[in-house]
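Chains as they are written, first to last, in my numbering: chain S, 44 to 777; chain L, 478 to 537.
Fair warning: there could be bad hints in the mix.
Coverage of chain L stretches by chain S, computed from C-beta distances (three or more under 8 Å per stretch; other residues unrestricted) [to be verified]:
#1 502-513
#2 516-530
35 Å max Cα-Cα, derived DSBU-like pairs, lysine-lysine [said to hold, decoys possible]:
#3 S:Lys420 to S:Lys373
#4 S:Lys194 to S:Lys139
#5 S:Lys60 to S:Lys139
#6 L:Lys517 to S:Lys343
#7 S:Lys271 to L:Lys517
#8 S:Lys60 to S:Lys343
#9 S:Lys373 to S:Lys674
#10 L:Lys517 to S:Lys713
#11 S:Lys587 to S:Lys139
By construction, these hints were calculated from the structure, which means they are not laboratory data.
Ideal placement from N, C-alpha and C gives every residue a C-beta, glycine not left out.
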Amino acid sequence: MNARLDSFSYDDDIVRKFLWATMIWGLVGMLFGLIVAIQLTLPESNVAPYWTFGRLRPLHTNAVIFAFAGNAWFTGAYYSSQRLLKTRMWSDGLSKFHFWGWQAIIVAAALTLPLGLTQSKEYAELEWPIDIAIAVVWVAFAVNFFVTMAKRRERHIFVAIWFYIASIITVAILHIFNNLSVPAGLFKSYSIYAGVQDAFMQWWYGHNAVAFFLTTPFLGLMYYFMPKAADRPVFSYRLSILHFWSLVFLYIWAGPHHLHYTALPDWASTLGMLFSVMLWMPSWGGMVNGLLTLRGAWHKVTEDPILKFFVVAVTAYGMSTFEGPMLSIKSVNALAHYTDWIIAHVHTGALGWNGFMTFGMVYWLAPRLFQTEMFSKKLMEWHFWLATFGILLYVVAIYSAGATQGLMWRAFDETGRLQYPDFVETVMRLMPMYWVRVAGGTIYIVGLILGIYNLYRTWAARPAVYEVPVIQAAPLNPAYAEVHAPSAGGLWARFTSMHWHRRWEGMPLFFSVMTAVAVIVASLFEIIPTFLIKSNVPTIASVKPYTPLELAGRDIYQREGCFNCHSQMVRPLMHETERYGDYSKPGESVYEHPFLWGSRRIGPDLARLGGKYPDLWHVRHMHTPTDVVPKSIMPAYPKLQTNVLNFTAIQRSVDAMAMVGVPYGDAVNKAPAMARAQAAQVAAAIEAAGGPTGLADKEIVALTAYLQRLGRDLRNATTPTAQQPLVAPPGGSR
Amino acid sequence: MRLSDIMGAADLSVYAEIAMLLFIAAFVAIVISIFAPSRKRMYDDASRMPLDDEHPQTPR
Numbered sequence: 044m045n046a047r048l049d050s051f052s053y054d055d056d057i058v059r060k061f062l063w064a065t066m067i068w069g070l071v072g073m074l075f076g077l078i079v080a081i082q083l084t085l086p087e088s089n090v091a092p093y094w095t096f097g098r099l100r101p102l103h104t105n106a107v108i109f110a111f112a113g114n115a116w117f118t119g120a121y122y123s124s125q126r127l128l129k130t131r132m133w134s135d136g137l138s139k140f141h142f143w144g145w146q147a148i149i150v151a152a153a154l155t156l157p158l159g160l161t162q163s164k165e166y167a168e169l170e171w172p173i174d175i176a177i178a179v180v181w182v183a184f185a186v187n188f189f190v191t192m193a194k195r196r197e198r199h200i201f202v203a204i205w206f207y208i209a210s211i212i213t214v215a216i217l218h219i220f221n222n223l224s225v226p227a228g229l230f231k232s233y234s235i236y237a238g239v240q241d242a243f244m245q246w247w248y249g250h251n252a253v254a255f256f257l258t259t260p261f262l263g264l265m266y267y268f269m270p271k272a273a274d275r276p277v278f279s280y281r282l283s284i285l286h287f288w289s290l291v292f293l294y295i296w297a298g299p300h301h302l303h304y305t306a307l308p309d310w311a312s313t314l315g316m317l318f319s320v321m322l323w324m325p326s327w328g329g330m331v332n333g334l335l336t337l338r339g340a341w342h343k344v345t346e347d348p349i350l351k352f353f354v355v356a357v358t359a360y361g362m363s364t365f366e367g368p369m370l371s372i373k374s375v376n377a378l379a380h381y382t383d384w385i386i387a388h389v390h391t392g393a394l395g396w397n398g399f400m401t402f403g404m405v406y407w408l409a410p411r412l413f414q415t416e417m418f419s420k421k422l423m424e425w426h427f428w429l430a431t432f433g434i435l436l437y438v439v440a441i442y443s444a445g446a447t448q449g450l451m452w453r454a455f456d457e458t459g460r461l462q463y464p465d466f467v468e469t470v471m472r473l474m475p476m477y478w479v480r481v482a483g484g485t486i487y488i489v490g491l492i493l494g495i496y497n498l499y500r501t502w503a504a505r506p507a508v509y510e511v512p513v514i515q516a517a518p519l520n521p522a523y524a525e526v527h528a529p530s531a532g533g534l535w536a537r538f539t540s541m542h543w544h545r546r547w548e549g550m551p552l553f554f555s556v557m558t559a560v561a562v563i564v565a566s567l568f569e570i571i572p573t574f575l576i577k578s579n580v581p582t583i584a585s586v587k588p589y590t591p592l593e594l595a596g597r598d599i600y601q602r603e604g605c606f607n608c609h610s611q612m613v614r615p616l617m618h619e620t621e622r623y624g625d626y627s628k629p630g631e632s633v634y635e636h637p638f639l640w641g642s643r644r645i646g647p648d649l650a651r652l653g654g655k656y657p658d659l660w661h662v663r664h665m666h667t668p669t670d671v672v673p674k675s676i677m678p679a680y681p682k683l684q685t686n687v688l689n690f691t692a693i694q695r696s697v698d699a700m701a702m703v704g705v706p707y708g709d710a711v712n713k714a715p716a717m718a719r720a721q722a723a724q725v726a727a728a729i730e731a732a733g734g735p736t737g738l739a740d741k742e743i744v745a746l747t748a749y750l751q752r753l754g755r756d757l758r759n760a761t762t763p764t765a766q767q768p769l770v771a772p773p774g775g776s777r
Numbered sequence: 478m479r480l481s482d483i484m485g486a487a488d489l490s491v492y493a494e495i496a497m498l499l500f501i502a503a504f505v506a507i508v509i510s511i512f513a514p515s516r517k518r519m520y521d522d523a524s525r526m527p528l529d530d531e532h533p534q535t536p537r
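Required output: the full structure, derived from the provided sequences and hints.
What follows is the structure, encoded as structure tokens:
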């Protein structure tokens, strides 16, 4: 054929930028991981207010997810998409805007999270102005990406790009709907959802952040960079398509497995479990597809550190996608939930799958992007072995920690009492394993530092001016006709000829819409019933909104990130009701904007804390936790006794809560006065009990009032009949 | 009367299960169609795409 050829070049400058951002933010994110790991072993290394576990842990998670893994995805996506689509990115300006906008968001996160500005929803902590910035940058990325696809010079859109498309669309949907909130000032907002619904939205988001930020984009990278590095075609393209559609169809349902045995309706929990278990097969199909792409190239693995990284990455993908479905089974989850088991699971995925995929990709890219030989292959080998050893130490220790603590929590002695009634005892037992984690994490980071040094030396040897190869390719022929026209012979034959699927693939916009439909329909079917069907959240008459002072205390609880270590959700399990009290009901959370159920118990559950200790206990505990709990690893918050509570700001909070539907009545007009009155009472009681004086306008009073309220409403409901068991479990006797 | 009262009375909880069945049906349809034998050549070409991407393509 004698068609005209277009000449163009690829934009590799943007790829180089993202590559450096990946490595540098990776180091920062992992250093913060190390810092919070040390804070758990050495409580003194918490320095309130800015440098505590509660504020830094979200910084760690956000940095490794959105800064490290995010930039890694963008690095690979900008490199591979241009080449697979045979075109330069549509707009260099938008590419740059995406890059600098994303880095600015990361910096904003790194500044606001230690300041205690947080929405308190995991991996969605960033406050509303930053959320809006994320949406804007994401739209710029999406527009650039979709127009580039429209201008492509390759008919078939390779499966890696499908994974990118699904990720871009789904992340946008998740981000917008989970972050809907009503602002109370520039740095504070309240989720429009409450309690059960908020929890549902959050874990619909949270699990799909794992799925569509850490899994599907990296699968796209796998399907491009593994064949590249091994110089072998994808083992089975069919399997890759199946892999893609299975993940798109299944992942979006899986979120509720984060909420087993909580106040979430049982049907939702079961649905989440079923879909999670189903995910196992396509995930392993993908893993096998990745590994078998190396068929005939296995001898290269022994010599090539890049392939080594990829092999371990795909193996880690296999391990975490086996473990994930297993953990989503309710009975397994009953043991693992709230323990370090989940932390170990996440790190197999993040350090193994995302980390190793990224490092393999970066090492493959570096000589091509910097147009010189890699500085040292030996350092790459060192990086590989250090990282592998680091992960092993980390996860083996933390798996043991998780199983140990889970088993201790549920242990009963022969007299039928809790064997370890003292929560802190179950924490102390973990300390040796926490130190091994510190060691493993340090080794992993040393490997990363070697990698950055190696990249730096490679970069330093780059040519004075990068060569920009001119690529030639023919534009798509608009008069193109399908070679394999749909065969006659009935609907079934036409269907199986896949003609329709090929036409979709040729229409990126339509294809994207179909992906979005699959994701949205699943979400709606799963989520809407929780919002609209009353029986899912039975109300409890005695549950009332927090008083303005308690609300201010709750804001402090959120600011300090208490939910990172304390759950407020007692599961209907024998050992939990023994340890904490009556299990949590859906109706208790109807005014919880956002929900604060938590996902990890480094400290005990607080859902039934109100009235358990006198006010003075809380005052002393916050000032120096070890004064009242000698072995406690909780950070000390002495400043709460001297920080003056901002009473005027309470009005804004109450107004925002009223706007999301909390019946505040009189408080919408006189919240500060009501708060002052209650604060004076609490302070007087503390003083009368022999505590410090002059606390009536201090933050500690608000926090104490909040903590003393937890679980009270349910008890009030049953006070008149205190002789009877508190609340009968559903369906009769236990 | 709130929307949730109306929806509660309608008793729609079975819809989640229906949706699940629809999704499984769609999924089965995709599986069958992917493994239909008629597209082998196209799949073989596509599986090589990452390796071919440095060279100009024949016009399509």
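| task | State the violated hints by number, sorted upward, taking the hints as numbered earlier in the document. | result | 3, 10 and 11
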